[in-house]
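As given, the protein sequences belong to chains D and A, one line each in that order. Going by our numbering, the letters in the first sequence line up with residues 1 to 245, in that order. Going by our numbering, the letters in the second sequence line up with residues 1001 to 1439, in that order.
Bear in mind the hints are in silico, worked out from the structure with no lab data behind them. Keep in mind the model is a prediction, meaning the values are calculated, not measured. Accuracy of the hints is not assured; some may be wrong.
Claimed, not checked - The calculated DSBU-like cross-link candidates involving lysine-lysine, where the alpha carbons are at most 30 Å apart (straight line), are: (1) D:K106 / A:K1236; (2) A:K1396 / D:K10; (3) D:K78 / A:K1399.
To be verified - Here are some of the chain D residues that sit facing chain A, going by a computed Cβ distance under 8 Å: (4) S61; (5) V93; (6) L162; (7) G240.
To be verified - Footprint (simulated), chain A over chain D, 3 or more residues, beta carbon under 8 Å: (8) 21 to 28; (9) 186 to 196.
By construction, the Cβ of each residue, glycine as well, lies at the ideal position given by its N, Cα and C atoms.
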Amino acid sequence: MLKIKNLHAKIGDKEILKGINLTIKAGEVHAIMGPNGSGKTTLSSVIAGREDYKVTEGSISLYGDDLLDLAPEDRAHKGVFMSFQYPVAIPGVTVTNFIKTAINAKRKVEGKDDMPAAELLKMIREKAKLIGIDRSFLSRSLNDGFSGGEKKRNEIFQMAMLEPKMAILDETDSGLDIDALKTVANGVNKLRSKDNAVIVITHYQRLLDYIVPDFVHVLSDGKIVKTGGKELALELEAKGYEWVK
Amino acid sequence: MKDKLIASFMAFENKGSVQTDTEFHKIRATAMQQFEKIGFPTKEIEDWKYTSLKKLWNNDYSLFPQLPKHEIQLSEVDTYFLKGIDSYKIVFVDGVYSPFLSETTHDGMEICLLSAAINKLKYKIIMEHFFNKAASKSDGLTVLNTAFTSEGAFIHIPKNTVLQKPIQIIYFTTECEKDVLLQPRNLIIVDENSQVQIVERHQSLSNKNVLNNTVTEIFANKRAHIDYYKIQNDTKNASLIDSTFIEQKDQSVVSVNTFSFGGDITRNTLSFYQKGEHVSSILNGITMLDGTQHVDNQTNVFHQQPNCESHELYKGIYDEQSTGVFNGKVFVEQIAQKTDAFQQNDNILLTDKASINAKPQLEIFADDVACSHGCTIGQLDENALFYMRQRGIPEKEAKALLLYAFTNEVVDKIRIPVLKTLITKIISHKLGVELGIDL
Ligand SMILES: Nc1ncnc2c1ncn2[C@@H]1O[C@H](COP(=O)(O)OP(=O)(O)O)[C@@H](O)[C@H]1O
Ligand SMILES: [Mg+2]
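Start from the sequences and build out the full structure, keeping to the hints where you can.
Here it is, written out as structure tokens:
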């Protein structure tokens, strides 16, 4: 489904990704772990199409289609979703209106009419319940004054609404207490199917107790230095990142 | 241009339509003498540093437009009215009152013409009491307007009257053979406990240059409540100089909301005088420009009594080579203890050719006050843009939504729902998208 080959990327003059290779099949969960500054957010952002990063070498394809020439919105329409490590506040736009705009933008590209209001509301209610978010939350300005945990839940709520094929969760666990972590993980698990795939980026092994990965990759200084099964996460936790460097 | 104006003032006086021995005449004659002395404002004057009117004076303005060649049809101008609600309308075409397009009243209140107030004996006392009492005597363009005062809206709401429908004041220009200078003059008096909403608009239907030099005086008596909305969405060869003076008595609440979208050069001078205690003055503005448009917002709040507040929020979006000025003055006199003054001016520049000169100016002579001001100038938030695009919202829509959200705080304060819809429509039209959202 997603194929990343020899990916090099830089910001300004600084090379951050130094030859990433990664193949993800439908139905799989991949965890990417690594110390701060190793390039995890950069990798997610490059997949999602952030224009500040310049890809100097390599390729990314989704179902065989080249992603690198596509605008971020076009990638989103193809099913790429990135849960932000630092979700952005947009004062003046409510959660509901934002998600409505996003859903209808995708439908427009697919040649469909706007989602009928009743259907949208029903879906919002269902997904909000699934992620454990309060209804009052939906009429607040997007991420504006949200706590860390609220922001992360809101990201997963949007993921649930948009039903992406390739979801990348960038440190969704940071800032969550254990109960919130379980709800979020539970939400992600419910969204998993044989047709979609998830990349879970995390610092800690903790989240992987709840979202169990098929593969664990260790990213260090812009390269994947080790790949293994879910037991690699435990080993890393025990031995620290120094062990793989 | 100055000489032409002076010469035509003589002609105007000699027309005989105006009695020359009245108090009103004296005010005008004095104003003309003032204008001869002061002339047009130039960039040497501090408050005019960033706005030059020079190019306007090269236009060969006709000062007394001919009566419109053809009777204007409602279908031609329908789009400029607020729709779907009942309203009073005071409409002028080329400076002349249009009974056909208007809906005025004398029934228990006066929603009518300044010319009537000038000429009829029964308004003599009120005119002597209010006319030109708030307007500046030292601003060249205001005194010019005073000298040429002949027509405009006259509104007098007696006490304990809550108007159930808003008042629309609209000035159309149709003259197509010559450039036109119009000088409308509005006088609005709202007595104790009364409430009114007013929407003012200037609209050119001409392809020639049009300049409106407008002066409005507003008097809010005790506990009066006035919401005033200015829709400035004129054509690219229409310019506007708007000077509005407001006097407020105890516990009155007055808001002036200025929406500047169109026009060539627009200068808004807004002066609030707080003459009573527990007065609230509210100033809101949205400016959204492109091309070579220029808008200059000068706001003055004179805190002259204790326990009053002022709340000011102006947002500006500048595209292409457009330019803006925001000069927000707040004066707190020594007697005005417990003043609560808030001012915020936020701007987004969409290109590096666009510019804004923003200057908050607080002069505080009282010690027990709460005054705050803030000013920001920035670009569109790239992080927010990427975030929205990541969720599938196309770049153009994402930008529009961000800019709309930026103005939303001000739009939200509009208390006439159809006007709120209209302003939202104008904004989305300017942004080039259909904002199918109820934010
Ligand atoms: N906008 C930027 N400008 C300059 N350097 C950046 C920028 N974003 C990230 N970096 C650098 O790139 C490296 C990788 O960052 P990042 O991808 O955020 O790492 P991680 O998510 O693994 O903590 C870090 O050294 C960081 O300082
Ligand atoms: Mg990161």
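Right, here's what the structure says about each hint:
{"no.": "1", "hint": "D:K106 / A:K1236", "in the structure": "37 Å, violated"}
{"no.": "2", "hint": "A:K1396 / D:K10", "in the structure": "26 Å, holds"}
{"no.": "3", "hint": "D:K78 / A:K1399", "in the structure": "21 Å, holds"}
{"no.": "4", "hint": "S61", "in the structure": "18 Å, violated"}
{"no.": "5", "hint": "V93", "in the structure": "5 Å, holds"}
{"no.": "6", "hint": "L162", "in the structure": "7 Å, holds"}
{"no.": "7", "hint": "G240", "in the structure": "32 Å, violated"}
{"no.": "8", "hint": "21 to 28", "in the structure": "violated (count 0)"}
{"no.": "9", "hint": "186 to 196", "in the structure": "violated (count 0)"}
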